[in-house]
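> These protein sequence lines map, in sequence, to chains A and B. Throughout, this note's numbering is defined as the position within the first sequence, counted from one, plus 13. Residue 314 in this note's numbering is what sits at position 330 of the second sequence, and the numbering runs on without skipping anything.
Check each hint, because a few of them may be wrong.
Residues on chain B that point at chain A, a partial pick, calculated with CB under 8 Å [as the list claims (entries may be wrong)]:
1. Gly(-2)
2. Leu5
3. Gln41
4. Lys348
5. Pro351
6. Ile352
7. Leu355
8. Leu358
9. Gln461
10. Ile469
11. Met473
12. Gly474
Far from chain B, by Cβ distances over 10 Å, these chain A residues were calculated [claimed, not checked]:
13. Leu88
14. Leu99
15. Ile118
16. Ala128
Don't read these hints as lab results, they were simulated from the structure. C-beta atoms are modelled at their ideal positions from N, C-alpha and C, and glycine is treated no differently.
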Amino acid sequence: MNSLIFKTITKVVSPILMIFSLYLLLRGHQLPGGGFIAGLMTSAGFVMIYLAYGCERFDFKHRSRVFYFMFSGGLALSFLTGLAGLFVGGYFLKSGVAHVEMPLIHENWEFASAAVFDIGVYLVVCGVCVSLMTLLGEEE
Amino acid sequence: MSHLLVLPILIPLGTAILLLLLRFQPMARRIVIGLSSLLIVAVNISLLLKINAEGIQSYRTGGWAAPYGIILVGDLFSGILLVLGCVIAVCAVYYSFAYLKTDAQKALFHALFFFLWAGTNGSFLTGDIFNLFVMFEIVLMSIYALLTMLGEKKQIEAGIKLISMGLLSSALFLVAVGGIYAFAGTLNMADLAVKIKPHAHHPLVSAVAMLFIGVFGLKAALMPMHFWLPDVHSSAPTPISAMLSGILIKVGVYAIIRIFCLIFVDLQGHFQTFILTLACITMFVGAMGAVAQTDLKRVLAYSSVSQIGYIFMGIGFFSVAGMGAAIFYIISHGIIKASLFLAAGVLKKMRGTMEMSEHGNMMKISPIFTLFFLIGVFSLGGIPPSSGFFMKFQLIKAGLDGAFYLPVAVALVVSLFTLFYLIQAWQKICLHTQEKAPENPLNPHLLVPVGVLALLALVLGFASAPVIDLANAASEQLFTPELYINAVMGKQ
Chain A
14 MNSLIFKTIT KVVSPILMIF SLYLLLRGHQ LPGGGFIAGL MTSAGFVMIY LAYGCERFDF
74 KHRSRVFYFM FSGGLALSFL TGLAGLFVGG YFLKSGVAHV EMPLIHENWE FASAAVFDIG
134 VYLVVCGVCV SLMTLLGEEE
Chain B
-15 MSHLLVLPIL IPLGTAILLL LLRFQPMARR IVIGLSSLLI VAVNISLLLK INAEGIQSYR
45 TGGWAAPYGI ILVGDLFSGI LLVLGCVIAV CAVYYSFAYL KTDAQKALFH ALFFFLWAGT
105 NGSFLTGDIF NLFVMFEIVL MSIYALLTML GEKKQIEAGI KLISMGLLSS ALFLVAVGGI
165 YAFAGTLNMA DLAVKIKPHA HHPLVSAVAM LFIGVFGLKA ALMPMHFWLP DVHSSAPTPI
225 SAMLSGILIK VGVYAIIRIF CLIFVDLQGH FQTFILTLAC ITMFVGAMGA VAQTDLKRVL
285 AYSSVSQIGY IFMGIGFFSV AGMGAAIFYI ISHGIIKASL FLAAGVLKKM RGTMEMSEHG
345 NMMKISPIFT LFFLIGVFSL GGIPPSSGFF MKFQLIKAGL DGAFYLPVAV ALVVSLFTLF
405 YLIQAWQKIC LHTQEKAPEN PLNPHLLVPV GVLALLALVL GFASAPVIDL ANAASEQLFT
465 PELYINAVMG KQ
């Protein structure tokens, strides 16, 4: 697609999309959001770049291995979170919460192990979507 | 609490992920596959022994108690199916190394295969009906890809049929699950059993039971829903055909047995005639289809439809003896059919086709192959002393004890057809003369799993008594649903 309007919009919108998706990912434990939706949003950003500039600009083809290891690594991360629940909490997929007093800002932050699982989901969704797009867009 | 119950899902899942990460290291993949296959076999067998010794086991994932969390439950029936599944899967994995040509294919195949294995084990272990849906989806997703990955034209066509079947059954499954959730407010199977019991004859409950027969019947290829099976089972890559016919159609059978022996216990009499009628038609239609085929894998696929009819007949008796016979039938048919499908794959590798008229002379080329194939044929045909004789004998004895004379008569007539089409196939392939020499020599690595499974079928015949006792014990456990409910809900 060779449209100046689309290219210009992509330049502005895709970074915002990606940063907002990270925000969604991190708030997802208690509020609407989470790994799946954030992964889809990040890959929407990649799709915009792909459509506006073609696969050469970002060099999707040569980075296909990066995205491959992104989704298999994400899968491994989520799986290991479940295993950690087994070894630490006594049940597979058991989740835990830690409250940590942050230095300097003196605030009590909550860290949930489910967030790590969600990051894994995020990587899987993002990696799969971009890999699919690159594969389907390939010229045979 | 012991973690043994969650391991049959965890090990294949972890292996699959590891295989994805090791995509570019063929040697490391080989080692991982070998080790974890053996580990799964060891875990599944020790799980069966533990269930046999200590009764039904349950496990709370995430530490959430029933009925809120997802519960894994292992009773004797699921233990038996886990062991059967891992025997067939190990043979299929070994076979796939010699069957697949390129390393890229192997990397994809084995990762998907272990996802499939995790899904199958998960469906046998889960105690939650929505989780069962999830496990079914894992199985279906892996099968979609495994079926079409080699990209032959026939496989793509079968893929379309499988996907339409999969989407239809998933949609129906969701409707059924929604219906039962609206009625009972829970999806935990043991909790459902308690909550449905006082309302067993409510119209919505019967409707949901019927929907479940539709959904699981579609997966198990019960008669009006068998349209997808012959194409899919015959065109899939051979190790997958063996998995499909050996264990995956039994996942549907397992689910029907589970819900009718746990949730819809009081509706058994209500659906008995219906299930028996469908079973008889399935037996007959499958056998008729098999007689008409000229392609060996299609003969075997139609024969699977027919054999599913036998298993459903055992279920339809709704007696301890009938269910025990059905469970023994599942075990022995799984092993025999996997062996026969793998044997068909050996032939395909030699001449590149499955048309029986293109084959012949196998008696001269490889007497060992002829022998293994003959064991499979005789076993499925029901000739003593193979396990096939005992599986049919148990079933018919259970039928006569319950005075179901018509289904028994149909079963006996159909078993003659079974023997006919199998012996005919064996004769064409092994005895007939064929001028054309095979394009490729016989690969001995492919013959190993065929032989292992065929000998296992023979051993199961000679030592059938302990296995039949185990199947009957599993059946008795199924007919005392209180044991299951107490195991899940009891220790909170």
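> All hints are to be evaluated individually against the structure, with a verdict given for each.
Checked hints:
The criterion of a C-beta within 8 Å of any C-beta in chain A is met by Gly(-2) of chain B, whose closest approach is roughly 6 Å, and the hint holds. Restraint check, Leu5 of chain B versus chain A: the minimum CB separation of about 5 Å is within 8 Å; hint holds. The criterion of a C-beta within 8 Å of any C-beta in chain A is not met by Gln41 of chain B, whose closest approach is roughly 14 Å, and the hint is violated. The beta carbon of Lys348 of chain B comes no nearer than 45 Å to any beta carbon in chain A, farther than 8 Å, and the hint placing it at the interface is violated.
The beta carbon of Pro351 of chain B comes no nearer than 46 Å to any beta carbon in chain A, farther than 8 Å, and the hint placing it at the interface is violated. At about 41 Å, the closest approach between the beta carbon of Ile352 of chain B and any beta carbon in chain A exceeds 8 Å, and the interface hint on this residue is violated. At its closest, the beta carbon of Leu355 of chain B sits 43 Å from a beta carbon of chain A; the interface hint therefore is violated under the 8 Å criterion. A distance limit of 8 Å between C-beta atoms decides the matter here; for Leu358 of chain B the minimum to chain A is near 44 Å, and the interface restraint is violated.
Using the Cβ-Cβ criterion of 8 Å, the hint placing Gln461 of chain B at the interface with chain A is not satisfied: the shortest such distance is roughly 25 Å. For Ile469 of chain B, the shortest C-beta to C-beta distance to chain A is roughly 21 Å, which exceeds 8 Å, and the interface hint is violated. Below 8 Å, beta-carbon pairs count as interface contacts, and Met473 of chain B has none with chain A, the closest being about 18 Å; its hint is therefore violated. A least Cβ separation of about 18 Å between Gly474 of chain B and chain A goes past the 8 Å threshold, and the interface hint is therefore violated.
A Cβ of chain B approaches the Cβ of Leu88 of chain A within 10 Å, the least distance being about 5 Å, so the stated non-interface status is violated. A beta-carbon of chain B is positioned within 10 Å of the beta-carbon of Leu99 of chain A; the least distance is around 6 Å. Non-interface status of Ile118 of chain A relative to chain B is upheld: no Cβ of that chain comes within 10 Å, the nearest being about 32 Å off. Chain B leaves Ala128 of chain A outside its interface by the beta-carbon criterion, the shortest separation being 16 Å against a cut-off of 10 Å.
Violated hints, in rising order: 3, 4, 5, 6, 7, 8, 9, 10, 11, 12, 13, 14; the structure is consistent with all others.
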